[in-house]
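Number of protein chains: 2
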Amino acid sequence: MANRPPASPRPRVAVVGAGFAGLAVAQGLRSAPVDITLLDRRNFHLFQPLLYQVATASLSPGQISWPVRSVFSAQKNARVLMMEVNAVDTRSRTVTDGSSVVPYDYLVLATGARHAYFGNERWEPFAPGLKTIEDARALRENLLRAYETAEKTRDGAERRRCLTTVIVGGGATGVEMAGAVAELANRTLKGEFRTIDPQSMRIVVVEAGPRLLRTFPVELSEKCLSSLDKMNVEVRLKSRVTDCDAKGVSVDGLRIDAATVIWAAGVQASPAANWLNARADKSNRVFVSAALNLDDHPEIFVIGDTCAAMSDGKPVPGIAPAAKQMGAYVAKVIGAHAAQKPPPPPFRYRHQGDLAVVGRSAAVVRIGKISLTGFTGWIFWSLVHVMFLIGFRSKTSVALDWIWAFVTRQRSARLISDGDASPLATSASSDVQLSPRRDNTSQGGGYAA
Amino acid sequence: MANRPPASPRPRVAVVGAGFAGLAVAQGLRSAPVDITLLDRRNFHLFQPLLYQVATASLSPGQISWPVRSVFSAQKNARVLMMEVNAVDTRSRTVTDGSSVVPYDYLVLATGARHAYFGNERWEPFAPGLKTIEDARALRENLLRAYETAEKTRDGAERRRCLTTVIVGGGATGVEMAGAVAELANRTLKGEFRTIDPQSMRIVVVEAGPRLLRTFPVELSEKCLSSLDKMNVEVRLKSRVTDCDAKGVSVDGLRIDAATVIWAAGVQASPAANWLNARADKSNRVFVSAALNLDDHPEIFVIGDTCAAMSDGKPVPGIAPAAKQMGAYVAKVIGAHAAQKPPPPPFRYRHQGDLAVVGRSAAVVRIGKISLTGFTGWIFWSLVHVMFLIGFRSKTSVALDWIWAFVTRQRSARLISDGDASPLATSASSDVQLSPRRDNTSQGGGYAA
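Protein chains in written order, with this note's numbering: chain A, 1 to 449; chain B, 1 to 449.
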């Protein structure tokens, strides 16, 4: 990169993906003398860490999504295109979706990650994950529909199956999901059915490792386990799903019939590595330099969940704060280069803390040497997440919904739409455990459509 | 009905459809010595008069939907089943969805209405209507996606087509939709695009009759026309759509290329008449007695948009207040009969007023002899609709969103989801023009799935 001057009067920066990483790049370049094109297959930025609250009917999709155009309407050096990039031509320096072509001088790929089933892809329709709005809607409908069926059926075994939810993966996604489903059952739905007792619902978390939240400090894992235990969530540690079908799962060969199975056990990067023909790890994350670009194409940066970056000899985790830090860093690198200034020092990830909520008034938080649990942790968690949300309106609206839910135990978005809802798509993550977690994958060129 | 005593210790009342009419029956019977089963194919009550605000990205589906279970959680003589009824057996007195069977002593059918194309059903995929959450989501995505395509394309004709919206039908639905699309273009999207100017968007309303809002007083029609004119909406009166395809419409043979065509020109009742083998009008609305039941089956009531009821020699309009009044009346009839008291006098519809909003701070309202227009009308319209919403939370949330939108011109729900969103379903209405309009069709047994 250093040896090639920008081709146009103002260098053109193409940013693919409007998740946390992509937004941070475009926003970080707001005062730089560059022309930015931000491309995403969706028209909105998704606040993915709260997606599980859409899946459990606490929030509406609109509350955790923000039109990318609105974010950049006042930033005159940025334009937004809704476009699903599926190829990069590194020689002509263009990206394309097959019809439109966008040229670049600098390219930033921040296309996120999707679920992974590690060779068991046939499980996907039965054990969907949670990465997109469609995933969340489908999961919500599946969950609510199962309770409706349970209320109607006269078959005792089928009723038990409908009231059983299995969550595969005991990372932050898994435990938050388990807590949210338990609250839905124990609080929100209480008293609303005539045949079934929502409190008889069974929720099982299956985790292959020896403890929940394995990247968190041990005492937080234990606190989390005891919180889930109080909420009647069964946690099976050192256990593996050995089979999965339309009626349930097998855990170490033992059958659990379940109407809802949620996959929160692994992620795989979007196919940016294939577009670039670049070296990648087994999760398809592109290996990048200390400046987060490619050695042989220094004008190409790969950030967020799409890259396998290192910091101080350790892998950078696949979480929202890391994605934001990478985005801000790349904006500095490009800004310095475009202004012909010396480059910033190599990227360093600063870990801000660990954070997971396991239910109303129960969260586990670790910031530096401080651990917070229970209600204090929950208040802190709520504040952090509301602060993170883009735009005042979403903040107010989400905060009001949470306060309302806390006071009344009601939920605001309990919709089951048409039976022919978008097909269950899939994904999740168990190896990513921070505060606002997971980079947004709203640009996952090549997935869905 | 009078001559047959209830078969069970407490008479069983089955209410099919949880729209305005069905809810009013079940709620009206809250203190009656009966066992109520409320059946709906959805798990939520939909506040259909605000559906066009979901379609134009102002509100989220969750804000105008309310879980039926929540509404009845405290009413112990009512149970709720999510079930899509598709047959009635009047001899065994049961309703069924093909698998479950629900017996009744009294049956109330309140299954609403759907769009109608009057012999041009092939237009349906190109000119969808607006009756369900899926309709609204699909329309919203279509509308927003067209602007995104316009921003990307280099083809001038295609860009103009993407920026053109045609609304078929100049009733309340049509004019409200036109006003909302114009506001989306002129206010919300202003400054967010780099290539297109949202203000160059073309919006056309096609109405077969000689004036808009034909059931309203003439001066309100004229006021509405001038409001739309100020918003640059083209209104074509005495005009008919003569053809419709994937690229646009023909109006009296004249071609208008348009990416979005919205059908707001007619409704047809759900197939309750077929289930009952009952006499019905050309819109398939069941003819009912002055007590809103069937002459040969007095235990069966048909109300809301599903019936062709008369009051004072005039047809009862297909609007929300009428549906509520019918529901409340039938609750009284059943309550009196179950308590072996004399029946109430025949049903009489009380018209409360005419009300339509054509944009931010522009509405037309007629209550008795009072007409309100412009800002005063808009404030009144907002208050009425917020009052109508069930449940405090929805009220607060919708009111906040409107205030927010009024102050900032932003919208809260501008999501384009997957390209494979639910296929464009259809419907609408131009012959129904009151305040909160149209009975809910959430139970439209036989439609969609």
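Think of the hints as simulated: they come from the structure by calculation, not from any bench. We put the CB at the ideal spot given by N, CA and C, even for glycine. Warning: the hint list may mix true and false statements.
[Stated by the list, open to error] Using 27 Å as the maximum straight-line C-alpha spacing, the simulated BS3-like pairs for lysine-lysine come out as follows:
id: 1; chain 1: A; residue 1: Lys76; chain 2: B; residue 2: Lys238
id: 2; chain 1: B; residue 1: Lys76; chain 2: B; residue 2: Lys341
id: 3; chain 1: A; residue 1: Lys76; chain 2: A; residue 2: Lys314
id: 4; chain 1: B; residue 1: Lys152; chain 2: B; residue 2: Lys238
id: 5; chain 1: A; residue 1: Lys152; chain 2: B; residue 2: Lys190
id: 6; chain 1: A; residue 1: Lys332; chain 2: A; residue 2: Lys314
id: 7; chain 1: A; residue 1: Lys314; chain 2: A; residue 2: Lys238
id: 8; chain 1: B; residue 1: Lys369; chain 2: B; residue 2: Lys314
id: 9; chain 1: A; residue 1: Lys247; chain 2: A; residue 2: Lys190
id: 10; chain 1: A; residue 1: Lys190; chain 2: B; residue 2: Lys76
id: 11; chain 1: B; residue 1: Lys341; chain 2: B; residue 2: Lys369
id: 12; chain 1: B; residue 1: Lys76; chain 2: A; residue 2: Lys76
[To be verified] From the structure, some residues in chain B lie toward chain A, with a derived Cβ separation under 8 Å:
id: 13; residue: Ser60
id: 14; residue: Ser70
id: 15; residue: Gln75
id: 16; residue: Met82
id: 17; residue: Asn142
id: 18; residue: Leu144
id: 19; residue: Ala146
id: 20; residue: Glu148
id: 21; residue: Arg187
id: 22; residue: Gly191
id: 23; residue: Glu192
id: 24; residue: Leu276
id: 25; residue: Arg279
id: 26; residue: Val386
Verification of the supplied hints:
1. Note on lysine 76 of chain A and lysine 238 of chain B: the hinted pairing is violated, with a Cα-Cα distance of about 45 Å set against a maximum of 27 Å.
2. Our distance criterion of 27 Å between C-alpha atoms is met by lysine 76 of chain B and lysine 341 of chain B, whose separation comes to about 23 Å.
3. The hinted pair formed by lysine 76 of chain A and lysine 314 of chain A fails the criterion: a straight-line CA distance of about 38 Å is larger than 27 Å.
4. Proximity of lysine 152 of chain B to lysine 238 of chain B is assessed by CA-CA distance (about 36 Å); at most 27 Å being required, the pair is judged violated.
5. Only pairs whose Cα atoms come within 27 Å are accepted, and lysine 152 of chain A paired with lysine 190 of chain B is rejected, the gap being roughly 50 Å.
6. A threshold of 27 Å between alpha carbons decides the hint, and for lysine 332 of chain A with lysine 314 of chain A the separation of about 22 Å falls inside it, so the pair holds.
7. Between lysine 314 of chain A and lysine 238 of chain A the CA atoms are separated by roughly 25 Å; this keeps the pair inside 27 Å, and the hint holds.
8. A C-alpha spacing of about 20 Å is found between lysine 369 of chain B and lysine 314 of chain B, which places the hinted pair at or below 27 Å, so the restraint holds.
9. Of the pairs offered as hints, the one joining lysine 247 of chain A and lysine 190 of chain A holds, with about 26 Å between alpha carbons and a cut-off of 27 Å not exceeded.
10. At most 27 Å may separate the alpha-carbon atoms for a hinted pair to count; lysine 190 of chain A and lysine 76 of chain B meet this at roughly 14 Å.
11. The hinted pair formed by lysine 341 of chain B and lysine 369 of chain B fails the criterion: a straight-line CA distance of about 38 Å is larger than 27 Å.
12. For the hint pairing lysine 76 of chain B with lysine 76 of chain A, the CA-to-CA distance comes to about 59 Å; that exceeds 27 Å, so the pair is violated.
13. Among the interface hints, the one on serine 60 of chain B holds; its C-beta lies about 4 Å from the nearest C-beta in chain A, closer than the 8 Å criterion.
14. Contact between serine 70 of chain B and chain A, as hinted, is supported at the beta carbon level, the nearest pair being about 6 Å apart and thus within 8 Å.
15. Of the supplied interface hints, the one on glutamine 75 of chain B is violated, with its beta-carbon coming no nearer than about 11 Å to a beta-carbon of chain A, more than 8 Å.
16. Proximity of methionine 82 of chain B to chain A holds as hinted, the smallest CB-CB distance being about 4 Å (cut-off 8 Å).
17. Interface hint at asparagine 142 of chain B: violated, since its Cβ lies 13 Å from the closest Cβ of chain A, which is beyond the 8 Å cut-off.
18. Against a cut-off of 8 Å between C-beta atoms, the interface hint on leucine 144 of chain B holds, since the closest Cβ of chain A lies about 6 Å away.
19. Among the interface hints, the one on alanine 146 of chain B is violated; its C-beta lies about 11 Å from the nearest C-beta in chain A, farther than the 8 Å criterion.
20. The beta carbon of glutamate 148 of chain B comes within 4 Å of a beta carbon in chain A, closer than 8 Å, and the hint placing it at the interface holds.
21. The beta carbon of arginine 187 of chain B comes no nearer than 12 Å to any beta carbon in chain A, farther than 8 Å, and the hint placing it at the interface is violated.
22. Taken as an interface hint, glycine 191 of chain B checks out: its beta carbon lies about 5 Å from the nearest beta carbon of chain A, inside 8 Å.
23. With a least beta-carbon distance of about 4 Å to chain A, the hint placing glutamate 192 of chain B at the interface is held under the 8 Å criterion.
24. The beta carbon of leucine 276 of chain B is not positioned within 8 Å of any beta carbon in chain A (closest approach about 24 Å), and the interface hint is therefore violated.
25. The restraint placing arginine 279 of chain B at the interface with chain A is violated, with a minimum CB-CB distance near 31 Å, outside the 8 Å limit.
26. A cut of 8 Å between beta carbons decides the hint on valine 386 of chain B: the least distance to chain A is about 15 Å, and the hint is violated.
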